[in-house]
Every structure is written in structure tokens, then in C-alpha cells.
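All chains, please: the whole structure from these sequences, using the hints.
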Amino acid sequence: MGGEVILLDVWSSPFGVRVRIALAEKGVKYEYREEVLDNKSELLLKSNPVHKKIPVLIHGDKCVSESLIIVQYVDEVWKNSPLLPEDPYERAVARFWADFVDKKVYESATRIWTRKGDAPAEAAKDFIESLKILESSLGDKSFFGGEKLGFVDVALVPFVDWFHAYEVHGGFSVAAECPKIDAWAKRCKEKESVSMASQDPEKILMVVERLKKKFGYV
Amino acid sequence: MGAKNGEYEHDYSTMAKNEHKVRLLGAWASPFVYRVGLALKLKGIEYEYMEEDLKNKSPLLLESNPIHKKVPVLIHGNNPVSEWVVILEYIEETWPENHLMPQDPYDRATTRFWSKFIDDKFIPTLGMVLKTQGEEQEKAMKEAEEALKTLKRGGLKGKFFGGEAISIVDISASCLSIWFEVLGEAIGTKFIDSEKFPLISSWIEEFTSIDLVKESFPPRDKLRAYHKSLL
Numbered sequence: 066m067g068g069e070v071i072l073l074d075v076w077s078s079p080f081g082v083r084v085r086i087a088l089a090e091k092g093v094k095y096e097y098r099e100e101v102l103d104n105k106s107e108l109l110l111k112s113n114p115v116h117k118k119i120p121v122l123i124h125g126d127k128c129v130s131e132s133l134i135i136v137q138y139v140d141e142v143w144k145n146s147p148l149l150p151e152d153p154y155e156r157a158v159a160r161f162w163a164d165f166v167d168k169k170v171y172e173s174a175t176r177i178w179t180r181k182g183d184a185p186a187e188a189a190k191d192f193i194e195s196l197k198i199l200e201s202s203l204g205d206k207s208f209f210g211g212e213k214l215g216f217v218d219v220a221l222v223p224f225v226d227w228f229h230a231y232e233v234h235g236g237f238s239v240a241a242e243c244p245k246i247d248a249w250a251k252r253c254k255e256k257e258s259v260s261m262a263s264q265d266p267e268k269i270l271m272v273v274e275r276l277k278k279k280f281g282y283v
Numbered sequence: 039m040g041a042k043n044g045e046y047e048h049d050y051s052t053m054a055k056n057e058h059k060v061r062l063l064g065a066w067a068s069p070f071v072y073r074v075g076l077a078l079k080l081k082g083i084e085y086e087y088m089e090e091d092l093k094n095k096s097p098l099l100l101e102s103n104p105i106h107k108k109v110p111v112l113i114h115g116n117n118p119v120s121e122w123v124v125i126l127e128y129i130e131e132t133w134p135e136n137h138l139m140p141q142d143p144y145d146r147a148t149t150r151f152w153s154k155f156i157d158d159k160f161i162p163t164l165g166m167v168l169k170t171q172g173e174e175q176e177k178a179m180k181e182a183e184e185a186l187k188t189l190k191r192g193g194l195k196g197k198f199f200g201g202e203a204i205s206i207v208d209i210s211a212s213c214l215s216i217w218f219e220v221l222g223e224a225i226g227t228k229f230i231d232s233e234k235f236p237l238i239s240s241w242i243e244e245f246t247s248i249d250l251v252k253e254s255f256p257p258r259d260k261l262r263a264y265h266k267s268l269l
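For the record, the sequence lines run as chains A and B.
Under the working numbering, the very last position in the first sequence is 283; numbers go up by exactly one each time.
Under the working numbering, the very last position in the second sequence is 269; numbers go up by exactly one each time.
I should point out that these hints are in silico values taken from the structure, not numbers from a laboratory.
C-beta atoms are modelled at their ideal positions from N, C-alpha and C, and glycine is treated no differently.
It cannot be assumed that every hint is accurate.
For the chain A half of the interface with chain B, some residues (derived, Cβ under 8 Å), not all of them [stated by the list, open to error]:
hint : residue
1    : L108
2    : L110
3    : S130
4    : E131
5    : I134
6    : Y138
7    : R156
8    : A157
9    : I246
DMTMM-like cross-link-like pairs, simulated, lysine to aspartate or glutamate; straight-line CA separation at most 20 Å [to be verified]:
hint : chain 1 : residue 1 : chain 2 : residue 2
10   : B       : K187      : B       : E219
11   : A       : K144      : B       : E131
12   : B       : K159      : A       : D167
13   : B       : K159      : B       : E131
14   : A       : K251      : A       : E187
15   : B       : K107      : A       : D167
16   : B       : K260      : B       : E89
17   : A       : K127      : B       : D142
18   : B       : K107      : A       : D191
19   : A       : K169      : B       : D157
20   : A       : K144      : B       : E90
21   : B       : K159      : A       : E172
22   : B       : K107      : A       : E172
Listed below in C-alpha cells is the structure:
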């Protein structure tokens, strides 16, 4: 439908994982191409000339970038197993929480390992607080999408593999501070689309250590 | 609505009145609030505008947007929606007449991409220019120029970013008009030089020639004074 699907990505990118999970949920066959960010391919530079970043979804001759924009595109093209609900207000709620994951969860998490001095502890506090806010939004539901994975689950779950790295740098335990998120994460991992896209937290920790050295966050 | 003797009392008359009522909590100088107001006007949706004093936020604001405590907030009936782009997509889906977004999924993805680009590249510049001076301020202005080049290359499809009619991208780009103009005046420069950026300049002319667009702008003198007071 609409041509070949190619995903330009980097194995450790949580933003790329969002797209991989969405494609898997829809049963879309695609070609995965690993990019080396120090040596970006011609195709990447051509298909995302504005930001030159991954992930990029190439569908036939169409190029889509920005992870949540790609996920919405996938949801709209392949209508089986919808990730966004039907009702406009419920969709707005889902979009709000996905935006919250970017603005608050990811933003504070990144500060935990990229700053020095007192900043990591402050960032850890913000990160835990953001997860607690998500916990109360989740309530008693199995997933943010209700009985099945939805837009917000797809937005958040890739960061679970990064929790270990955040915990090591921030001096906290997600399981202890946010048991509901911990339980939610385990339920997500039972889904094939999520487990297939999961990364080894120890390998992610090594990525963080390498990036710290590379960008001088040490 | 409230609790009495452990039981909830429903004020049905208020709820019935509220059922379809649309309210917009805003602040007069905010380009985000402007975007939402413009979308409502373009769709012909009647709404009640409620000005917030951001130094003394109302209980309604704090209750409707407890997470970010910011404007704009759209309250439809008893349902609050926050974050301007989430609000715009909600408006588009709830009142589909006078489309602000294309129907094709790829065109929609492109629309979302450019809206986000404008937000990510230009809104922080407004803030940076207001908050910084000297080298830092110049750097912010240079970055805005680079972003303008990219925007003109990729985003403009015709008369408007949406082609022949306004789309969410044009609504997002509204911040390039009066806000950048007035900011430029306040610091003695012209951000969007018509010689350097003829296409964007003619977009601004086309866009601001629309009555609904102009009507909702904050008063120019008031905005200039406000920007000057922040510098």
C-alpha cells in the first residue's frame, strides 16, 4: 500500500523505537537501515534535509520525520489496531500526554546525565515527579491506551530501557519511586511489538557513558 | 457541582448550559493564545474569551491546566484542552468545517512538521531576544534568519503555507508577523527584511490583509510597550 517502507534509524534511539513499535503494532513490513550519525547516509541527508536526524520513515517517495509525527502518520495510513482513540477529546488527552513525555519526562531525564554539579539531583527530582504525574494519569488502566497499547504508551515505553542509565546517574530507583510505572512497563514488555524493539539497559548505559565522554559532560 | 453529606450534587442547569459552551483562557500578548483564537474565528465558532492575569492565575485556570498552569486553555463544555497544537487539532476534529488541515496523511504529516518547526525555531528566538543582550542576542537573531531561509525553501506552497487557503502552518507562522515586527522595532532592527526575504514578506502581507487575522492581533502600541518593558 503506497510503496516500500524504509526506516532510517539508530538502534539505541528511543525516538526510533517509537516508530518500530508503531509499525509492529500495525504489522507493517519494512526495511530497517542503521545509520551512523558521524557519517550520515546520502539518503538520510536527502530525506530529512531540515534536521538531518533519525528516525525518518520513507514510504514510497514520501519522507516523514519527527517521531510522534511519524507515529501519527503510521496510525492514519494503516488503520488496523488504532493507536489514537476515536473521540476528539480523548485524542486531545492522548496528544497532551505524549507531548508531556517529550517536554517533561525526556527533558528532565536528559539533564540527569548531561549536567554537572547540583543539576543532576535537581533533574532526577523533576524526572521522578513527571513519572508520578503520569502514574496518576494512568490510574487503574493497564495501559495509557486502556486495554491495549495506545499513542502515549508508544511515546513513553522506549525510555524504559534508559531507566537503568538514569538511575545510575541520578541515584534513585524507578521501581521504588513509581511502582505503577514499573508495573506498566512490565505489562508493555509482554507485548511482542515492544519486546522486539527493546534494548539491553546495560548497553544503553554504555551508550550514555560514551556520549558523556564525546560531548564533554564528564 | 460539589459534595454535600458525602454525596455529589450536580448543578444540572449549569452543566446543561456548559455542555456546548466554548471558553478560551488567554493572555492578550501571547502568540499561542492568538493562534487558538484565530482558529476559532476562522471556523466561525462562538466562544467566551477570559483574560488571565498570569501573575495571579484564576482558580479556573489552575483547575483546567493543573500540569502546566499556562494559557491558552480551551474549555469545551466541561472538558479542558491545553497546549496550542493539541487544542488546534481538537478544534479541527470537533468542528471539521473550513478545514485547517489537509485530509491526506502525508500532507498532514508535512503540516505538522512545519508547524512544529516554526514553533521550535522562532518562539524561543522571541524569548532569547527579549532576555539577552549583545552577542547572545545577535546569535539568536542569526539563528532566526537561518530558520527563515529554511522555512521559505520548504514551507511556502503558494499564497499561504497551506496553499490557496490558510492552514495550521499559517496559524503557527502568525508569530512572524506582529510579534517579530514589534520586537524588531523595540530593539531597532528589522527581522524580516522584505529585500532579504521577499517570499516571507509577501506571505505576511497576504496573511495580515485578512480581516479576521488583523482583528485578533494585540494592540500594536501596547505590545511594543510590553516588549520594551521586558528588554
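Notebook entry, point to check: Taking each numbered hint in turn, which are not upheld by the structure, reported in ascending numerical order?
Noted result: 1, 2, 9, 13, 14, 20
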